[in-house]
Structure formats: C-alpha cells, structure tokens
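Peer 1: With these hints in hand, go ahead and build the complete structure from the sequences.
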Amino acid sequence: MSGTDPTRELLPTADPAQTLAAVRRLLRPRRALALAGLATMTGATAVGLLTQPLLGHIVDLVADHRGPGALTLPAVLLVLVAVVQGATTALGRSLTARLGETVLAALREDFVERALRLPQQQLERAGSGDLTARVTGDVSRVAEAVRTALPELVRSALAIVLTLGALALLDWRFLLAALLAVPIQAATARWYLRRAVPLYASERIATGAQQQELLDTVGAAATIRTFRLEAAHTERVEQRSWAAVQITMRGVRLILGFYSRLHVAEYVGLAAVLLTGLLLVRDGSASIGVATAAALYFHSLFDPVNAALVLLDDMQSAGAGLARLVGVTDLADHQDPPLPSASGTDTDTDTAVEVTALGHAYAPGRPVLHGIDLTLRRGEQVALVGESGAGKSTLAALIAGIHSPTSGTVRLATALNDSDPHSLPVGLVTQEVHVFAGSLADDLRLARPDAGEPELRAALDKVGALAWAEALPEALRTVVGEGGHRLTPTQAQQLALARLILADPPVAVLDEATAEAGSAGALLLEAATAQALRGRTALIVAHRLSQAATADRIVVMDGGRIVESGTHDRLSSAGGRYADLWAAWSGTRTGTTH
Amino acid sequence: MRVSGRAVLGRAVSGEWRDVVTGAVLGAGHQAGEAMVPVLIGVVVDRAVARGSLTALLGWLVVLAAVYVGLSFSFRFGARAGERAAEQAGHRLRMDLVRRVLHPAGGAENGRLPGALATLATEDARRVGAVNTGLVFGISALMGLVVAAAVLLRTSLPLGLVVLLGTPAMTALGHLLSKPLEQRSETEQERAADASGVAADLVAGLRVLKGLGAVPAAVERYRRTSRDSLAATLRATRAQALQNGLVLALTGVFIAVIALVGGRLAAEGSISLGQLVSAVGLAMFLLGPLETLTWVNADLAQGRASARRIAEVLSAAPEITTAQPLPPATPVRGGLRLRGVGHGSLRGLDLDIAPGELLGVAVADPADATALIQCLARRQDPGTGAVELDGIPLTALDPAELRSLVLVAEHDADLFAGTLHDNVAAAADPSTDLAPITAAAGADEVAAALAQGYHTPVSERGRSLSGGQRQRMALARALAADREVLVLHDPTTAVDAVTEAAIADGLRTLRHGRTTVLITTSPALLAVADRVVLIEHGRVADTGPHLELIQRQSGYCAAVLA
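Protein chains in written order, with this note's numbering: chain R, -18 to 575; chain A, 36 to 597.
A hint or two may mislead.
Simulated coverage check for chain A against chain R, where a stretch passes if three residues somewhere in it have a Cβ under 8 Å from a Cβ of chain R [claimed, not checked]:
1. 263 to 277
2. 282 to 292
3. 373 to 385
Taking CB as the label site, the calculated pair distances span [what the hints assert, rightly or not]:
4. Asp517(A) with Ala212(R): 16 to 22 Å
5. Thr53(R) with Val97(A): 38 to 44 Å
6. Arg9(R) with Ala484(A): 49 to 55 Å
Sample of chain A residues facing chain R (criterion: CB under 10 Å; computed from the structure) [claimed, not checked]:
7. Gly45
8. Arg46
9. Val48
10. Val80
11. Pro139
12. Val254
13. Gly316
14. Arg414
15. Gly477
16. Val481
17. Ala516
Because the hints were derived from the structure by calculation, they are not lab data.
Beta carbons are placed, not taken as given, at the ideal position from N, Cα and C, and that holds for glycine.
Peer 2: Spelled out as structure tokens, the structure:
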C-alpha cells in the first residue's frame, strides 16, 4: 500500500459532557457500591470531626477545675473516635477503591476494544504511542485520582461545611470574617484553572511524544545497534524526555504560585477572625474562649480548603486523562468497514467473489485503483501479479474488507457462509509477520479461541511447522513473540498460515505471504500455502512467478488497473506485460541474462 | 555490571543532592512557620484579645504577616527544588535505561516486551525520581515535628517527652505497616506493565488480527489480562486502605494521649490554660507532618519496588562480552574467515571471504542463515570456532567498532521514524552523494511513487510502506552506510523480478572492490556474485560461480530454483 498520510493525527478526546455521560454510564450498574462507599466515607469524616469538640471539652473541664479524674472519659472517647475513624476510613477507602478500580478496568477494556476496532488508517495516523500512552499513563492518572483525590474531596468538603457551620454557631460575624478569604480563593482558583488547562494539554502531548519515541527506539534496538546509531537515537529520546521534564516543571511552578496566593487568603481570613474576636470581646458579645475557638476553627480549615483546591489540579489531570480514554471508547460509530456484503441477490452459486467498478484512493486526488472488475469462481485460485506499487495490496485489502472502497463494490456469495453467520468470510494473510507475545498455542487460538490441542497440532502439521513447534523448549506452551522465543521469519509465516487454517474462511487473500520469509524458506512456504488454501477460493498476490504459474488464473495489474487476465500458458505466449515479467524471471533462472 | 535496586535509588538521590538539600532546608523552614501559626494565635489571644488592645493586635498581626511571608516563600522554592530533583532524577534514569537497551553488547531486551520496557522508562523512572520529593517533604515534616516538640518541651518536659518518644515509635510502626504494601505494590506494577504490554502488542499486530477476523478474540484476551491486573490491584488497594486506617487510628490515639497528659498537667496547675490550648493546637498541627510521613513512606515503598525493576534491566547480562578489545587491523582490508564455526545449526563451518570479493551464500536451511548472521553481526558469539576480520577474531574487537567496519543488514530490519531521506541518510557520511545509492537500491522509484517523495514520513517502523518499498529503503540505508564489509540477508524478497534484476546489477557496480556477502537464494542476486558458496547441514557443501553450480550441483538447484 502506497497511501501514506503525512500528518500525525492523534486519536480524539471527549468533551466534558461526553466524559460525564460516560462516567454516569459506568457508575449506573455499581450504584449500591457507590452509595455504600460514600456513606462510609461520610461516617468516617463525621466521626473524625468529634475530635475538636472533645479537645475543647478537655479545655473546659480544666478551666472549670474539675480535677484530673474527669479527663479520663473524654480521653477514652478520643481513643474511641480514633479507632472508629480508622476502621471506617479503611472500609470506606477500600470500598471507593474497589468502585474506582472496577470502573477503571471496564473503561480500559472498552477502550482497548474500541481501539482495536478502529479503522487501520486512523490508528496508523495516531501512532501506537498515543494509544500506549493512554492505556498506561492516563489509566494510572485516573486511577490515582479515583483512589486518593475523590475520597479526599468528599472528606474536605464535609470538613469545610461542618466547620463553617460551627463558626456560625459561635457568632455569625465570625463566619462573615472567615468568608473574607473566599474572594481571594475564588480568584486564585480561576487564575489557576485558566493556565492549567492549556498547560496540561501540552504536557500530555509531550508525554505522548516521549512514549512514542521510547517505543520506537526500544522496538528498533537491534537495527539501531547494527547501524551504530545509538548516540543519535539516545539523543532523540533525550530531547523528548527533557521537553517533557521542562513542561512538567512549568506545571510545578504554576501550582506553587497557586499555593502562594492561597497563603494570602489564609492570612487575610485569620487576621479578620482575630480582629472580629477582639471587637466582639471588647463589646462583650463574646468570651475569650469563644474568640479562641473561632480562631482555632478557622486555622483548622486551612488543610481541607487547600486539599479541596489542590484537587482541582488532580481532578483536572485525571479529567484530561479520562477525556482521552472516553474519546476513544465513544467512537462506537466509526468501526471497521462492514465486511463485503453477502449479497442475497447473487444466485450464481459458482461465483465466490464479485468485484465491480472498484476504485480506491488513500488520499483525495491520488487514486491507486481504477475501475477494477474481477470475478472469482468458487474454489478458483487466482494469482495477482504486477510491479511494486501497481495496486495489488490495495485490491487485496479491499476484498478482505480491511478498507472500504472509495467507489464500486465487493460482493461475496451468500452460500459461502450460510453454515455459521459468525464465521469469517474472507481471511487475509499479508507479508507482515507479527508473532503475538504469549504462548504459541495462545497465538494460534487468536484465530479460533475454542480450538483444542489436536486441532492446533493438525494446523501446524499441515503447514509443516509441527516438527519445530514440538522441538521448542516447552512445545506449544513456549512463550513466543517480542520478548519470548524468537521465531525465524519462515516460522512466523508458517504460523500465519496455520492461523488461516484454524480461522477456516471460504475465501482467502494472500498478500505476498511468502515474501518476508526470504528466499530460503520460500519453497517450504509455497508447499504450506498450497495446503492452507486447499478447498478455498483464493486470491494470491505473488511476486515469485513460479507460484503464479501454478495458479488457475493469473491477473496482471499495472498502474491501478487490470491489464491482463488468463492462464499462465496463454499469457506467457501472448507477448504482453506478463510475458515480459516471465521472461525476466525465467531468464535469471537459467542464467541467460548474466 | 550488577546494579542493585538500592544503588539505583541511591544514585537517584545523590545525583540531585543540591536540590534535595535546598528543598529539605526550605521545607523545614516552611514547617517551622506552619508550627508557629497556632502558637501565634495563642499569643494574640493572650496579649491582644484578652486585653482588648487594638495596637497590640496590629503589632502581632505584623509579626504573623512576617511568618506568613517566610513560610510561603520557603514552601514555594523548597517544593520547586524537590520537584526538580524528582523530574531530573527520573530523566536521568530514563536515559540510563535507553543507553543500556541500546548498548552494543545487547541483552537488555531479552524477556521483555517493548511496551513493558517503555513503561519501565516512564512510570517506574518517575516513581524512583519521586523518592526525592518524598525525601524533601519527609525531612520537612520531621523538622515540623522537632519544632513542635521543642515548643512543647519548653512548655512541659513530660509533654515534650511524650511527643519526642511517641513520634519515632509511630513512624517505625508506619514503616512496618507499609512493608506488605511494598510487596503488593510490586506485583501490582508488574501486572499493570503486563496489561499495557499486551495492549501494545495487540495494536502492533492489528493488521494480522483484522485479516483473520481475530479482533474479538484479541479483545477477549486483553479483557482477561486486564481482569488479572484488576485482581492484583484490588489486593494492593485493600492493603493500602487498611494501612491508612491503621495509621489514622494510631495518630488519633497518640493525640488523645497528648491531650490527656497535657490536661492532667493543666489540672494540677503545672502548666497554664493558655499553654494547654497551644499544646492542643500543636497536637492538631502534628497531624499534618505525621500524615506526610505516611505518604512519604508509601512513596518510598513504590520507589524501592520500581528501583528494583529498573536495576534488573540495568544489570541484564550482555549477549556478548569482549574482555580486552584489540584495535582492528589498519588499513582494514575486509577479509573474513570462519574457522570451524559451530553455532545454532552450523556444524564446524569453514569459509574464507577474500577482501573485495562479492560472495553469494546460498543456504538450504533458513536456520543456517540465521546462525551465520548472528555470528557475523556479533549478536551472539559462536559456541565453537572463530570468525576473524583481517586475521583478528571478532570476539577480540569492540562490538561498536566492529559494526563501524562490518554492516550486517538483516532481513527484517526496522525503518526509523522520520522521512525516507532521514532513513537513507541515517548512517551515511554527510558528504555522501545519495543519488547513485538510491538508484542502485531501487529506492528512487519508491520515492517517486509517493506524493512527498523523500520527504514522506515513515511511521510505525516502516509499516506504512509496502514490503517491497520498505526493503528498498532499508537496502539504500545499508548501502549508504558505506562500510568496508557489507552482509545483506535476503534484501529483495518482496521486490518484483524486473526490479530485482536491476538492483543486482546496481549492487555489483556500487560495491565494486569492497567485500560484500549476499546471503540469499535469489538467482538474480547470486548470478552477479564473483563466487557462490552453498551451505547445507551447517557446512559448506560446494563452491563455484552461479552458472556452474546450476549446471552441476543438484542441491544448489533445489535451494535456488523453485
């Protein structure tokens, strides 16, 4: 495929309304757990607030000269408060953490599911680093917020409301004095949020870029060593990492400026409460003890107010992460193109695939396919040949339903998949060999999850892979893929063909499936391919003309069009494109060109 | 190089000691200021409110303002120093990890997914760095405790002693309680890394999944991994919640003890009511630093767990070792000699490659090719026998130096992020004229077919290009590196026959007079070689020109002609 979009386009981010709706949707089935968690946390906070009245009571008892013995009861009560508060806090935190973690697991699972169902081109434009950064960084940020910030917010809000109520009970004028701090706090919060939103956005971009660079570098480590580019690539990671550090430090400076402004609010409020106390004591409307209590109450507000306001930061950060997760999970409408429609009107039972007036362009104005008409008869094996860039892979991908065509249709015969509506109608094996990390059996089972060990062995045997598979350190349980046992390209391609046998589609599309293995394994793979295709309708993109020569029919493409179609014998003597290709190919075979 | 988790942690702190010390000193100042606020409230009540003196109030409010300015600024700059220490230590660890992974001797990637390594370099490096912030805040909190204790000791000796002896006991208990959390946290982090590694791996193989309609099965697999991760996390959070509750209860009991002791002293008349008020105020203040100490403890636990994981990678055994590197022969002539090499499927392979020769190596069994490439590239050293470059064993050459002389371009090489041009020029001398090289590799046609030509960006390690396009770009990059010895493994398998023949001619011309080894079964490439060697069953079975072998060697025909 030669369609490459130059611009990197990150996956979407949800707006606040969408994010909120998604949170509600996730919480609804866990309402009981949410209520239990909230109730327990409220209880824990309320019990904790008894500490101050009890301490005040001790002061009163001493002031009233009630003797040391009277202090035992409030002290015991203080211990009781501590024990109850500890127990309820442990329970409440455990409940809210369970709530948060299960919601998070559901969210990240939905997220990966949607991501895997995204159109291939969209994911490639975004880069896999964007996705990985979301599934690691964002998930852990949201988790941290859910585990610590949310319970803290509830506790702080309760503490603030109850303490302000207590201040008003002492004298309403104390409350007025305390509220003098509010305008400064409100202005500070506004000041902070205005700067924090764009800053966090760019921090996230910097972190995503760093993650992508790390993945690229670690994944290509062997190639980097080969070319002695260690220094250059280390430098690239260093730049990304340092940029991320710089932008994080900008965030730190912002939050610290925020605290400095809050210190001003604390001082103003405290001075006002002390002044009010003095004035109220002077005109006799309050006692010294009441004034003291008011000042201590206001002082005890510092922590919950700071905690609540600093949560703006955590919640902002978690909210941004959440929006990036929800942005993907909400993409329900943009799934893969529907599989080529199984046409009910097609009564010709001999036709397996019918391609009509098919055209495709990866980028507007740069079509790579023009008006392709092609019919595959049931059980027919058709080879697609042509020079690199002729549009063979694009046609293969369109027939396999990986992309939707820009124009024209691909139709599959209904009778092909009438036995099981969920079975795969068209299987595609490309030159890309990816061995999934995990056991060899798990890798194969991706194609058919319910396959038993005998079925796996049978599939491996058909592609000539059983011998080496059984010779692996732990046979089919051997961990393969990146980080596991490294398979040769030929083995990886045999695995791909074994997966095709397990998936068992009536139509198979092979896109240069023997190319990556290198020539040494090609013979082996051609035999394996023949086995894998037995009994299927097949379209084979072939660059080894020996493989094309054995097909039922050969279709030659050039410049996005079909230029020739026919059997090997007919085309090789027709003097057209194929005859040229065959001459070049067979010429080297006999050494006549050199 | 063995590195312990403790050493990783130690370096993360000592490397930033200036910021850590600055942060701790200023943070201590901040805590002292915070401790002074309740004391000053008591003083204001005593000296101004009780006496109804507005001037005294204004005077003490000025003092309070001065304390506020001090605590505010010391917090601002102290915390900044702490965060800077954390970020910079995290950055340095990240770079240490990257340097280890890219080290010429290799070995760090064995057994680890790229996604898991990336998580290690981001999340775990951040957690270890955050130990610096933890230290700054922890030391500050301790300082707050000391100031409060000093004031309390001046107020009353027994009360001060209760605080001074009680606090270390509390901290020790907190440390003890966070031990199980540390173990839980370790498994939690491993599971989380596993879950994200699986996600990254599935995304990397997405084309394969889509081709087989295996996306639902892949989703199911991720869901299972995520559930395992969830179960581990839930166990960890339960431990954490329990620890939180226990510490909170302990703290409350501690304050009750202070209130009881202080109350009794006041009731006996050994301290004044005002001193009781400030003692209670200070006891309330102590909650802050004590809570700080508990989260610092938890952060240190996470940091230790992460440091151990990082240390494992940093001290991963290298794939190859070079005891005393010898300098390569000067000038480099480019002669290669294999003597009885036994490695993988190779069985005592003997092979002489003359300087400047264009040698074709046809290999019947792909395993032989893999083993041969591993030895030539020094990705691994052969178990028996030796490979020599101009008479010097490769094992005696510094691997980085070796690779600047011998380039082994592997069949499945990745392209780098950047443009096509960046890739071709990646390892080339800046003065190299790339035009003849890209023409020889057929890469100029690739660029011509793309809208942005050589400025076309490469994404996903080259997956955005077709196999044939990718191979030609990789070949151009290998040729442009212009090494004395070039080993190419199956460079044209995804290229059509006409282009392949042109590339074979281009290769011969461009590499004229310099050692070039073509490990392939492509007749188009083997036909241009000076000499072809056939390897069967791990040994050289025959040697001669391509045409001659075609005519007389049936094994060769079977390997090369399909």
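Peer 1: All the hints need checking, so say for each whether the structure fits it.
Peer 2: Here's how the hints hold up against the structure:
1. Under a criterion of three residues with beta carbons nearer than 8 Å to beta carbons of chain R, the stated coverage of the stretch 263 to 277 of chain A is upheld, 9 such residues being counted.
2. Chain R is given as covering the stretch 282 to 292 of chain A, and this holds because 10 residues of the stretch bring a CB closer than 8 Å to a CB of that chain, at least three being needed.
3. Only residues whose C-beta sits within less than 8 Å of a C-beta in chain R count toward coverage, and the stretch 373 to 385 of chain A has 0 of them, not enough to reach three; the restraint is violated.
4. Range check, Asp517(A) to Ala212(R): Cβ separation about 18 Å, and the 16 to 22 Å hint holds.
5. Taking the beta carbon of each, Thr53(R) and Val97(A) are about 43 Å apart, inside 38 to 44 Å as hinted.
6. Checked against the hint of 49 to 55 Å, the C-beta distance between Arg9(R) and Ala484(A) comes to roughly 53 Å, which is consistent with it.
7. Annotation: interface hint on Gly45(A) violated; nearest CB of chain R at approximately 21 Å, more than 10 Å.
8. Restraint check, Arg46(A) versus chain R: the minimum CB separation of about 17 Å is more than 10 Å; hint violated.
9. With its C-beta approaching chain R no nearer than about 17 Å, Val48(A) sits outside the 10 Å limit, and its interface hint is violated.
10. Satisfaction of the interface hint for Val80(A) is found here, the shortest Cβ-Cβ separation to chain R being roughly 5 Å, below the 10 Å cut-off.
11. A cut of 10 Å between beta carbons decides the hint on Pro139(A): the least distance to chain R is about 6 Å, and the hint holds.
12. Interface hint status for Val254(A): upheld, as the beta-carbon distance to the closest one in chain R is roughly 4 Å, under 10 Å.
13. Because the closest C-beta pair between Gly316(A) and chain R is about 6 Å apart, less than 10 Å, the hint holds.
14. Interface restraint check: Arg414(A) against chain R, minimum CB-CB distance 7 Å, threshold 10 Å, status holds.
15. For Gly477(A), the interface hint holds, since its Cβ comes within 10 Å of a Cβ in chain R; the closest pair sits about 8 Å apart.
16. Among the interface hints, the one on Val481(A) holds; its C-beta lies about 8 Å from the nearest C-beta in chain R, closer than the 10 Å criterion.
17. At its closest, the beta carbon of Ala516(A) sits 6 Å from a beta carbon of chain R; the interface hint therefore holds under the 10 Å criterion.
Comparing the model with each numbered hint stated earlier shows that hints 3, 7, 8 and 9 do not hold.
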